[in-house]
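Construct all of the structure, not just a fragment, from the sequences and the given hints.
Residue numbers (my numbering), protein chains in the order written: chain A, 1 to 442; chain B, 1001 to 1486.
This list has only true hints and no planted wrong ones.
Some chain B residues well away from chain A (every beta-carbon gap over 10 Å; in silico):
id	residue
1	S1343
2	P1378
3	D1437
Pulled a few chain B residues facing chain A out of the computed Cβ check, cut under 10 Å:
id	residue
4	A1020
5	Y1128
6	L1151
7	L1162
8	Y1182
Below, a sample of chain A positions facing chain B; criterion: calculated Cβ distance under 10 Å:
id	residue
9	A356
10	M358
11	P359
12	F365
13	A391
Hints are computed from structural coordinates only; laboratory data are not their basis. Just so you know, these numbers come straight off a predicted model, no measurement behind them. For each residue, glycine too, the CB sits at the ideal point set by N, CA and C.
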Amino acid sequence: MAYSPTLLPLLIVAAAALIAFLADALRLGRLMPWLGGISSIAAAASIFVEHMALGADLYWDLSATLLGVYLSLAMAAGLFFITFHPLSRKMTGSLVGLLLTMLAGSLILVSAQNLLLMFVGLDLQVLPFFALLAWPGSGRAAVESAFKYAVLAGLASAQFAIGIALIYLGDGSLAVIPPMGDMTSNVFGLMGVLALLAALSFEIAAAPFHAWVADIYQGAPAPFLIFLGGVAKVAIMGALITLVAATPKLEIPIAVIAATSIVVGNVLAYRAGHLRRMLGYSAIAHAGYFLAALAVGPLGIIAGAIYALVYGLMNMGTFMGLSALPENSIAIPWATLRERQPVLAGLLGLTLLSLAGMPPSIGFFAKLLVIIADVHDQAYWLAILIALGSAFSFAYYLSTLWKPSVLSNPDRLLQRRSWETFAALGILILLFGWLLAPLGIV
Amino acid sequence: MILVTVLIVLPWVAALWLSAQKQSDQYFAMSIALLELLLALIQRFAPGASGTLGHALHIPYLGSLWTLHAGPLGSTLALLCALLIPVSLAFAWRLPEFRALASAVLVMSGALFGIFFAQNVLMFYIFYEILALAGAFLILRSGHKSRAAALQFLLYTFVGSLLFLVALVVVYVLHGQQTGIYNFSILQLADTRISGGLGIWLFLGMVAGLAVKMPVFPLHSWAGTGYGNAAPAGSVFLSGAAVTAGAYGLIHFAIPMLPQAALEFAPVGIILGAIGTLYGAFLALNAANLRLFAAWASVSHMNLVALGLFALQTQAIHGSVFLLIAHGVVSAGLFGVVSIMESRGLTGEWSGLGGLFRRAPRLGAWMLFFFLAGMGLPGLANFPGEFLSLAGSFRVLPWAAGLATLGILAGVVYFLRAYERIMLGPLNGTLPDNLVDLRQSEWLLFWVLGLLTLWLGLDPQIILAHLGTLLSIHSGDVIAGVGHGL
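Structure below.
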């Protein structure tokens, strides 16, 4: 096969993953996060250079480039971050290898224009989490959540495969944008596309496919949730963007899923009473806001891509902050955290506000863009639903901010000087990220 | 540009500095507050000194998010706000929660200055949300530290303001589709063509966001829990300064954007304002304690402000802008009195009060003064505003204005009754024996507020004469052009 420039980022990441897997045997594991981070940055650079290149089955279009660059950089930041976390002490090489495999899958997902390739990407991305969520040293709850994730994500993958089969039965093609007509041109195609939609909605935890999310968020170790929320979900959102851009008939089912997710997510999150479960349930609402953007035309696709990116950034901030807390904390001990890691506490507070949509953080601008897209397409009811949902979300996000909580043993708080740098960078991005907008939209 | 930017950003920096300190630093906060007052004075009376106001932070499709514009109305309200910062801090001086209260008040004042000088509606909205968040923080961290009250305040204001945002986005998208210019600047959005049916819904959305802060009648119930739970020193700022943001938003943004809808809404707005005035008065009459009494009295007056604004009649709007400013000063006096009484260990429950005048004659005298001002005694601040807004709205919808007048009459009753319960009658046995009357500094503070009240009442022209220019150009046009023509 001839060399295809669109494959370059994938080759870089996959090669680094292979090296990382081997490194444990050579006792070079401690170096691997840095290698992984640097190769992720290289992948980001090559995506940026290949921007708009059309390959055999990969197409780095505008949203794919945006998300691809983000995913690689987020992976690099996450890798540098968990180097300082005790969980990464054991089998560091394999850990990095799994994470890089996940990145390779994510990059395929956002750029694939072929359903089979998309399936490969999905599995490459889901499988590493079976191991990651139950990483040695993370306790019984983590094993339980990994098991739940394995069963349910396996089901979603199976559904995705059935969807592909149905579409193939319908028009004999596996391309996302077939030359003749769209994928929903006959009844098999329609059923297939709906199956794909259901599978992907499951992965981003949109209602009514949301049952798994709170348990996983509660049990899984926080450092890996950085990757689940900040990388994996964003990649699935990228795949949804590709799918929706190709099949405009999906607007009504997506609008229905979006509305259900916003309502269900907010109500469940309000009643959660546990920090991690609240975050899990509110992820349902965020999936709803994202889908509300996709439910409306071309402007919605842009809004959706930006929402996915911002949502990923906010998730990274949240779980980087939570990584410093003991795994089973049900509220944030602000006093201790502020004393030990003041900047990280600031980041955590800011991301919670940003998730709620407080201006002038980027969370607000992302929501504003979604509302503009909805209003532009005259889906006023969705815009009002987003507004009410995000007003309501202040109730539970802010109550985590001001709920008094004490840590029985302050020494259980991880204290890392270097995390303060990450946190400072995160605060800058969350607070002033929107200033970069003029560079992106020319 | 620089002067106004400093005016907005300085209190935020100061609040950040305060919240990073280990113990509260009263003198630092007060000096920042006085500096702000000085800057606001310069901005109001020597607008040339600040140079031409400009714009920065240009975002494609959103417009410049830092577009400053100094209208005389904004500058005057900013001056009121800048005056209430040191007053509120002075009343809070000895409170244990001074640091939290001062940072909340400083953040709120920065947001208010942003609101008063914003020309971009999105910028206005951003500051408006920050104001609401800081207000909730104030309720949360001072006084009874009630989480439920803070949450209620937050939910009311955020649901309202997000509806405002959706309505605003609809206007923005329509304007973009009509002209091809996507920009949130009010100068652009003010000439959007909007059909009547849609316009009414949009105006309702905007009113939901802005009226909830004033608070206008059906959206008022946060005020009781909010003012009732925050420390009275914080309520000084919350009720005097923060409420002006909603009224300013109506005058400067909502009405110019949707003049036709505003005109159609006018009868409804007048009726709501009238009901609110009367209802607030009844609530004040039956208030369980002194804090709630002051809160409902403030709500009653703010509904009268809303009545004047919604009447869209020159006289009524002049009256209600005047009342807005007067209410800020008088309400500061009322909550100041409550604050002094609580600092002496009095709970403010009626059963623990009575005959206080014999123990604290100076406090009694000042309380009488502000109660008289509150009930609208001619010669004191509230009277010209109440009179003008009622006189103006009588020409639009007489029976509703008559209803509101009953509310003012009830004001005389509830103020006098409350005074009788607190100050007159037999000495209450539960009062502590060594009750301290006003200290020198508190006495001085009341003199400042009192002289201002007197000045506004005796020489209302100081504000009324400028009101033609005070209402910034385009809102003035709207009122003169499409109003009832009376």
